[in-house]
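> In case you want the letters, here they are:
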Amino acid sequence: MTAVADILEWARQQVNARVPKADLDQRDPDYIRDQLPGVWMLASLYFRADVRGLDRIPAHGPVLLVGNHSGGNVPPDTFVFTLAFCSYFGVERPFYQLVHNLVAVYPMLGWLRKFGTVAASPDNARLALESGAAVLVYPGGDYEVCRPSWQRHVVDLGGRKGFVRLAREAAVPIVPVASVGGQETALFLGRGQWLARVLMLDKALRLKSVPISLALPWGVNISDWLGHIPLPAKIVIEVQEPIEVTDDDQAVYDEVVASLQAGVDRLAAERRFPVIG
Amino acid sequence: MRVERRITLDADRDTVWKVLGDPDTYPALLPHLQRWEPITEGPPRVGSRYTVLWTIGSIPVGGVVEVVEFDTARDLAWINITGVTQRGRFRLRDAGPGRTIVTFRLAYHSDGGLLGLIADRIAAHQVGRSLSESLKNLQRLVEP
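Residue numbers (numbering that gives the first Met the number 0), protein chains in the order written: chain A, 0 to 276; chain B, 0 to 143.
Read the hints as simulated data drawn from the structure, not as lab findings. These numbers were taken from a predicted model, which means no experiment stands behind them. The C-beta atom is built at its ideal place from N, Cα and C for all residues, glycine as well. It is possible that some hints are incorrect.
[Claimed, not checked] Among chain A residues calculated to face chain B with C-beta under 10 Å, some are:
#1 R32
#2 D33
#3 P36
#4 V50
#5 S86
#6 P93
#7 M107
#8 L108
#9 L111
[What the hints assert, rightly or not] List of simulated lysine to any residue pairs, SDA-like, C-alpha gap at most 25 Å:
#10 A:K233 x B:V63
#11 A:K233 x B:L32
#12 A:K113 x B:I117
#13 A:K233 x B:Q125
#14 A:K113 x B:L116
#15 A:K207 x B:Q125
#16 A:K233 x B:Y25
#17 A:K207 x A:Y45
#18 A:K207 x A:G158
#19 A:K233 x B:T24
#20 A:K233 x A:D248
#21 A:K233 x B:D119
#22 A:K160 x A:G189
#23 A:K113 x B:D119
#24 A:K113 x B:V63
#25 B:K17 x B:N79
#26 A:K233 x B:K17
#27 A:K113 x B:L32
#28 A:K233 x B:N79
#29 A:K113 x B:G111
#30 A:K160 x B:G111
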């Protein structure tokens, strides 16, 4: 057992050592401009992406965008929203997306950093907001993204309120971003939190879940660490009205969750079939 | 890609120019317009800038446009200075007494190599339809 703990501790150190500090200069507007038309076309055809209410985001200055997260380790909501934000405000407006450490260090995903993806940490988020950027964060993270597909329209940030303190300290508004469709890109069967605990991954790699799903091309997919081919589910995203941050963390958190859940309920009511939309 | 549509209107050039020469009327004129905000102040002229966003399918396309030609009752042209490379033009010419031919032209080019090229081709059909709808809206606004 001690040997396993040592190996996990070694793995944790290896991952942490590779988590890049938020080098905001890695975002490359020219690269985004090059990729945007073609990738938007693919997203539009494959996910029939529909993003509404971008005009609710303050036109200038830093803002914390808080979303509900779906789609396992291949979350189309982040992808689609990033494309929409860059199209709407132009690639010139700095915009960063916070992702799990493992995504930030994944060798094949280095190109994401050119789109403004940085590892999720309070320091990185603060750095990005202080630079005047818009920052997209998914507080539910790996916990929410692995929920079972039959809870696909439930917003569950897992009680994580760090984003409220972050917004208050940076004196920026919070804009909730509700989305549906991501949890229909595979059949997610459960979070596998027990598996994460048994394997001690919760302590070693900050992984609270080892999700179990049925996904292409694997069939039964344990952990989703290698990703999967998402089903072409229709992705609909709605930006909500900005929320002022007060001193009461719990009240702001509740307001954000209520706003997200109302948005998800509204979008879910428009859906006739899973995947098809 | 260059897309062009034209229409002959039963209105003189000055009447048509009252609409086309006032970009504040464009939200009523251009279909699928998601965002239209003047950036510069004062009446429209060469150098006036606007933030413009159209939707092509579900894709928002646009950026900051700058008026580069403002020839009263003849030509109004603009270019995009951010976003997809684009050049647009309204061209007014006489078509007999009290009649005007209006040409609406849009030339655009997406970056991104082959995918950009395919995106341009796919968008061409809807861009053409948007130009036609715009001219029909213009017709409703200027013809008695």
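> Between the alpha carbons of A:K233 and B:Y25, is the straight-line distance 25 Å or under?
Given that 25 Å is the threshold and the Cα spacing comes to 32 Å, the pair is violated.
> Please work out if A:K233 and A:D248 have their alpha carbons no farther apart than 25 Å.
Distance of about 34 Å is beyond 25 Å: violated.
> Between A:K160 and B:G111, is the straight-line Cα distance small enough, at 25 Å or below?
With a Cα-Cα distance of about 39 Å, the restraint between A:K160 and B:G111 is violated, given a limit of 25 Å.
> With a cut-off of 25 Å on the C-alpha distance, tell me whether A:K113 and B:G111 pass.
holds (15 Å)
> Quickly compare the C-alpha distance for A:K233 and B:Q125 to 25 Å and report which way the hint goes.
holds (21 Å)
> Sort out whether A:G158 lies within 25 Å of A:K207, counting only the CA atoms.
holds (13 Å)
> A:K233 and B:K17 were given as a pair; does the straight-line alpha-carbon distance stay at or below 25 Å?
violated (43 Å)
> With a cut-off of 10 Å on the beta carbons, see whether A:L111 makes it to chain B.
Cβ of A:L111 sits 17 Å from chain B, so the hint is violated.
> Would the hint on A:S86 stand, with a C-beta cut-off of 10 Å toward chain B?
holds (4 Å)
> Measure nothing beyond the straight line between the CA atoms of A:K233 and B:D119; if it is 25 Å or shorter, mark the hint as holding.
holds (23 Å)
> Would you check the hint for A:K233 and B:N79, treating anything up to 25 Å between C-alpha atoms as holding?
The given pair, whose Cα atoms are some 31 Å apart, is violated under the 25 Å limit.
> With 10 Å as the cut and Cβ atoms as the points, is A:D33 at the interface with chain B?
The hint holds - A:D33 has a Cβ within 10 Å of chain B, the shortest such distance being about 4 Å.
Violation of the numbered hints given earlier is confined to hints 6, 7, 8, 9, 10, 15, 16, 17, 19, 20, 26, 27, 28 and 30; the remaining hints are satisfied by the structure.
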